[in-house]
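Participant: Chains E and D are the protein sequences, given in the same order.
Per full-length UniProt numbering, the very first residue in the first sequence carries number 1; after that it's consecutive.
Per full-length UniProt numbering, the very first residue in the second sequence carries number 1; after that it's consecutive.
Heads up, none of these hints are tricks.
DEER-style ranges, computed between Cβ atoms:
{"hint": "1", "chain 1": "D", "residue 1": "GLY241", "chain 2": "E", "residue 2": "ALA338", "range": "34 to 40 Å"}
{"hint": "2", "chain 1": "D", "residue 1": "GLY241", "chain 2": "E", "residue 2": "VAL333", "range": "37 to 43 Å"}
{"hint": "3", "chain 1": "D", "residue 1": "GLN60", "chain 2": "E", "residue 2": "THR238", "range": "48 to 54 Å"}
{"hint": "4", "chain 1": "D", "residue 1": "GLU272", "chain 2": "E", "residue 2": "ASP363", "range": "55 to 61 Å"}
{"hint": "5", "chain 1": "D", "residue 1": "ASP304", "chain 2": "E", "residue 2": "ALA338", "range": "25 to 31 Å"}
{"hint": "6", "chain 1": "E", "residue 1": "GLU233", "chain 2": "D", "residue 2": "ASP244", "range": "23 to 29 Å"}
{"hint": "7", "chain 1": "E", "residue 1": "GLU233", "chain 2": "D", "residue 2": "GLU272", "range": "37 to 43 Å"}
{"hint": "8", "chain 1": "D", "residue 1": "ASP330", "chain 2": "E", "residue 2": "PRO89", "range": "32 to 38 Å"}
{"hint": "9", "chain 1": "D", "residue 1": "GLN370", "chain 2": "E", "residue 2": "ASP347", "range": "41 to 47 Å"}
Which bits of chain E does chain D cover? Going by a derived footprint, with three or more residues having C-beta under 8 Å, they are:
{"hint": "10", "region": "190-196"}
{"hint": "11", "region": "202-213"}
{"hint": "12", "region": "262-275"}
{"hint": "13", "region": "303-313"}
{"hint": "14", "region": "339-353"}
{"hint": "15", "region": "389-396"}
It should be emphasised that the hints constitute simulated quantities derived from the structure, not laboratory data.
Nothing here was measured: the structure is a model prediction, and the numbers come from that model.
Even for Gly, the Cβ is constructed at its ideal location relative to N, Cα and C.
Number of protein chains: 2
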Amino acid sequence: MTTTDTPDLSAHIERGLADLRDLVAMQSVSAQGRMLPETAAAVTTLLEAEGFTVARYPGQVAPVLVAEAGDGPFTLLIYNHYDVQPEDPLNLWDTPPFELTERDGRLYGRGASDDKGEFVSRLAGLRALRERHGGRLPLKVKWLLEGEEEVGSPSLEAFVKDHAAELKADGVWWEFGSVTPEGRPILYAGLKGIVCLELRCRVAASDLHSSTGAVVDNPLWRLAKAVASLRDEGGRVTIPGFHDDVRPPSEADLAAIARLPGHGEALYSAYEVTRPLGTPEDHHTRLNLMPVLNVNGFHGGYGDGGSKTVLPAEGFVKLDFRLVPDQHPDKIVELLRAHLDAQNLQDVEIVELESHQHPARSDLNDPFVQTAVGVAREVYGQDAILNPSSGGSGPMHPFMEYVGAPVIALGIGNVAGRVHAPNENVLRRDFETGVRYALEFMDALGGTDSRSQTEH
Amino acid sequence: MTTTDTPDLSAHIERGLADLRDLVAMQSVSAQGRMLPETAAAVTTLLEAEGFTVARYPGQVAPVLVAEAGDGPFTLLIYNHYDVQPEDPLNLWDTPPFELTERDGRLYGRGASDDKGEFVSRLAGLRALRERHGGRLPLKVKWLLEGEEEVGSPSLEAFVKDHAAELKADGVWWEFGSVTPEGRPILYAGLKGIVCLELRCRVAASDLHSSTGAVVDNPLWRLAKAVASLRDEGGRVTIPGFHDDVRPPSEADLAAIARLPGHGEALYSAYEVTRPLGTPEDHHTRLNLMPVLNVNGFHGGYGDGGSKTVLPAEGFVKLDFRLVPDQHPDKIVELLRAHLDAQNLQDVEIVELESHQHPARSDLNDPFVQTAVGVAREVYGQDAILNPSSGGSGPMHPFMEYVGAPVIALGIGNVAGRVHAPNENVLRRDFETGVRYALEFMDALGGTDSRSQTEH
Numbered sequence: 001m002t003t004t005d006t007p008d009l010s011a012h013i014e015r016g017l018a019d020l021r022d023l024v025a026m027q028s029v030s031a032q033g034r035m036l037p038e039t040a041a042a043v044t045t046l047l048e049a050e051g052f053t054v055a056r057y058p059g060q061v062a063p064v065l066v067a068e069a070g071d072g073p074f075t076l077l078i079y080n081h082y083d084v085q086p087e088d089p090l091n092l093w094d095t096p097p098f099e100l101t102e103r104d105g106r107l108y109g110r111g112a113s114d115d116k117g118e119f120v121s122r123l124a125g126l127r128a129l130r131e132r133h134g135g136r137l138p139l140k141v142k143w144l145l146e147g148e149e150e151v152g153s154p155s156l157e158a159f160v161k162d163h164a165a166e167l168k169a170d171g172v173w174w175e176f177g178s179v180t181p182e183g184r185p186i187l188y189a190g191l192k193g194i195v196c197l198e199l200r201c202r203v204a205a206s207d208l209h210s211s212t213g214a215v216v217d218n219p220l221w222r223l224a225k226a227v228a229s230l231r232d233e234g235g236r237v238t239i240p241g242f243h244d245d246v247r248p249p250s251e252a253d254l255a256a257i258a259r260l261p262g263h264g265e266a267l268y269s270a271y272e273v274t275r276p277l278g279t280p281e282d283h284h285t286r287l288n289l290m291p292v293l294n295v296n297g298f299h300g301g302y303g304d305g306g307s308k309t310v311l312p313a314e315g316f317v318k319l320d321f322r323l324v325p326d327q328h329p330d331k332i333v334e335l336l337r338a339h340l341d342a343q344n345l346q347d348v349e350i351v352e353l354e355s356h357q358h359p360a361r362s363d364l365n366d367p368f369v370q371t372a373v374g375v376a377r378e379v380y381g382q383d384a385i386l387n388p389s390s391g392g393s394g395p396m397h398p399f400m401e402y403v404g405a406p407v408i409a410l411g412i413g414n415v416a417g418r419v420h421a422p423n424e425n426v427l428r429r430d431f432e433t434g435v436r437y438a439l440e441f442m443d444a445l446g447g448t449d450s451r452s453q454t455e456h
Numbered sequence: 001m002t003t004t005d006t007p008d009l010s011a012h013i014e015r016g017l018a019d020l021r022d023l024v025a026m027q028s029v030s031a032q033g034r035m036l037p038e039t040a041a042a043v044t045t046l047l048e049a050e051g052f053t054v055a056r057y058p059g060q061v062a063p064v065l066v067a068e069a070g071d072g073p074f075t076l077l078i079y080n081h082y083d084v085q086p087e088d089p090l091n092l093w094d095t096p097p098f099e100l101t102e103r104d105g106r107l108y109g110r111g112a113s114d115d116k117g118e119f120v121s122r123l124a125g126l127r128a129l130r131e132r133h134g135g136r137l138p139l140k141v142k143w144l145l146e147g148e149e150e151v152g153s154p155s156l157e158a159f160v161k162d163h164a165a166e167l168k169a170d171g172v173w174w175e176f177g178s179v180t181p182e183g184r185p186i187l188y189a190g191l192k193g194i195v196c197l198e199l200r201c202r203v204a205a206s207d208l209h210s211s212t213g214a215v216v217d218n219p220l221w222r223l224a225k226a227v228a229s230l231r232d233e234g235g236r237v238t239i240p241g242f243h244d245d246v247r248p249p250s251e252a253d254l255a256a257i258a259r260l261p262g263h264g265e266a267l268y269s270a271y272e273v274t275r276p277l278g279t280p281e282d283h284h285t286r287l288n289l290m291p292v293l294n295v296n297g298f299h300g301g302y303g304d305g306g307s308k309t310v311l312p313a314e315g316f317v318k319l320d321f322r323l324v325p326d327q328h329p330d331k332i333v334e335l336l337r338a339h340l341d342a343q344n345l346q347d348v349e350i351v352e353l354e355s356h357q358h359p360a361r362s363d364l365n366d367p368f369v370q371t372a373v374g375v376a377r378e379v380y381g382q383d384a385i386l387n388p389s390s391g392g393s394g395p396m397h398p399f400m401e402y403v404g405a406p407v408i409a410l411g412i413g414n415v416a417g418r419v420h421a422p423n424e425n426v427l428r429r430d431f432e433t434g435v436r437y438a439l440e441f442m443d444a445l446g447g448t449d450s451r452s453q454t455e456h
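Generate coordinates for the entire structure from the input sequences, incorporating the hints supplied.
Facilitator: Here it is as structure tokens:
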């Protein structure tokens with residue numbers, strides 16, 4: 001693997017950006033069931049043009065695609081998704097969310113980074129790889145794309161389990177990753193699990209005049225009491241038993257954490273954060289190795305200008321818990337119920353919103369992980385930042401459990417990428433390097449023997 | 001005062017209903033600044049026809065009228081308002097809101113009860129009183145009418161303070177009151193005060209991915225902690241010092257409370273309340289004599305279907321505190337600030353939404369109050385329900401503070417009167433009895449000596 005026979009990447013990059021523009025224009029918002037079959041069809045067309053055979057399976061919300069092409073001693077399974085988060089609040093976007101717009105070196109649009117940009121950059125790299133090898137691929141590439149990732153991948157675990165033989169691979173390339181402002185790639189070898197819940201409380205059939213608050217309980221106070229009881233001032237979850245199953249980090253995990261640069265300064269600066277949690281010293285441990293509770297939304301009663309002296313009949317709160325190995329999602333819900341009951345909040349209902357996701361973490365010493373790190377050093381010209389786990393979540397666990405392969409995440413995101421928020425973006429620089437990384441990573445894997453991968 | 005020389009009231013009632021029809025047709029919606037000077041002019045014409053001299057003063061939204069007529073040992077100040085609530089949603093009215101329509105014993109129309117019906121029934125009684133006394137009034141009647149009550153009476157406190165001498169009276173007749181379905185009049189001798197606030201919290205310039213909740217604080221958790229800390233499970237406000245200035249109820253207050261019928265069963269049934277606060281025994285004490293905190297609204301972050309794994313940048317809560325004598329609104333805001341600071345919630349901002357209103361409560365033993373109760377028993381043929389205070393709020397305090405007179409509320413409202421809502425109505429029965437009550441109440445006051453009123 002040298003760069004002497006590297007094709008001119010600029011044409012592949014431009015073609016990739018054109019693909020990205022087309023895909024961003026497709027409003028594939030899974031939470032609202034918008035344009036999902038159409039986007040699956042567009043992705044299929046792109047893959048078939050590169051020689052993939054594409055199988056399309058029904059999902060609960062959107063089709064699941066499994067594509068396969070190439071042949072060689074190594075089988076790589078790539079995982080991406082073609083759905084995106086809702087675009088609201090629309091008024092905070094500087095340019096229309098579904099029009100890819102370049103400005104000051106960044107490409108803005110919903111999905112520009114998460115995850116259409118990731119998919120398209122890898123596809124462009126694969127095109128270059130085919131060009132380098134005279135139209136063929138030196139490895140077997142299996143590509144799994146789903147359209148339900150932003151609603152918690154409700155079909156994926158069962159799908160991976162049921163299609164374990166079809167998906168068998170020597171390594172799994174995860175759907176995202178990111179690059180520092182200085183151009184250092186960040187690799188993740190794990191993901192937190194997640195449980196998304198709604199708490200609901202209702203005290204009457206309709207709203208009442210607020211003077212009756214003297215003799216009728218308030219659903220928003222009851223929900224506030226519930227939320228306040230879930231963590232302490234420092235952010236530590238206070239549900240009894242919540243931390244019992246947390247696996248202590250390995251020595252390799254701790255060593256990797258110790259090598260991680262910075263202490264969140266870039267994040268805090270990009271978002272003008274006024275209330276950091278934790279200390280600089282425990283920043284990476286908190287973000288990557290510790291479980292956390294988030295309040296995603298809280299709504300009930302009057303919300304317009306001025307005042308309205310109303311006692312609302314009901315309210316709701318949206319929560320997510322991010323879990324680490326070996327916490328079990330179902331057990332977390334049981335512990336929450338017991339905790340609310342113990343707080344005399346039996347009337348606060350728990351509604352499970354999505355499929356839960358188990359936490360997952362690969363062995364940092366695995367050769368597949370080490371190959372990803374080595375190629376990253378070569379392509380990006382700097383040592384990669386190897387993170388034992390992202391602070392984010394995703395359905396990584398079924399791959400490790402049923403495909404039986406290590407998983408690594410490397411991608412084109414950036415710290416100011418505003419994924420899930422208005423003005424989502426990717427740096428053009430990172431998109432371009434991402435195309436080159438895809439080319440060289442797959443070429444390197446094509447030169448390895450799968451047997452050496454699986455006998456460590 | 002006997003009924004032997006009582007004029008035939010039917011003519012006065014019919015004339016009063018004609019006046020009400022004319023006034024309901026005037027769309028004096030203060031929130032939208034509609035027809036306020038015109039309605040003030042129509043009210044002026046009606047009063048001048050009964051011998052009143054009417055002074056018209058500018059208010060912030062609509063003219064303030066002060067009318068005066070008659071002479072005698074007792075001076076009565078009547079307070080009413082000529083503005084109404086907006087009529088929307090129009091589609092829920094069974095007949096046009098600005099056409100007084102009689103159906104099944106009820107008169108429907110915006111303002112039929114609140115407050116044009118109240119004003120007109122009193123005016124009709126005053127006409128009958130003049131007839132009984134050969135064209136003169138046996139007492140001095142001062143009539144204050146504003147056109148800003150439905151937008152929180154922004155001019156009233158300063159107006160009453162500035163015109164204290166002009167408004168001096170021996171008793172104040174409040175703008176509303178109600179009658180039970182069984183025909184028992186309900187008198188109120190006080191109103192709670194009110195402080196409407198917003199709590200705001202912000203932790204970043206824009207929303208973040210919820211995985212960063214491990215290292216960025218959550219504004220909705222902080223607001224939940226604030227709200228949860230404001231009261232206990234039983235609804236008692238837990239802000240230190242909050243109850244310090246609560247005046248213990250008098251023996252007369254407690255005796256009146258003990259005589260109040262029911263324990264909230266009608267309210268709980270009408271609204272299908274699943275979580276009453278307090279016990280049947282303390283129901284009326286809580287509703288009428290104790291301060292209370294209400295959460296009117298709580299909003300922040302994602303609120304649509306399913307989940308969105310976002311860490312919201314900000315959130316807000318709308319609150320009202322209902323106060324009782326001698327709590328001071330400004331002090332309550334100061335105590336809240338100190339309490340939040342003590343909870344390490346210095347970053348939770350307090351925004352004051354409207355003019356505060358002080359609580360007010362008259363002495364139930366005052367002869368003016370006792371006269372109102374005695375006449376009510378005679379006119380309605382049943383013992384009045386005497387309530388030391390409504391659970392609601394209004395600008396009563398300035399009258400007690402600056403006019404220096406006790407205040408009593410008795411009127412023609414009914415529990416199904418839908419004030420502020422579509423199909424506002426008054427029972428014809430209650431309108432007719434209201435005219436007779438106005439006649440006899442004012443005649444009784446005309447037979448009393450103001451000196452005996454002020455030396456108890």
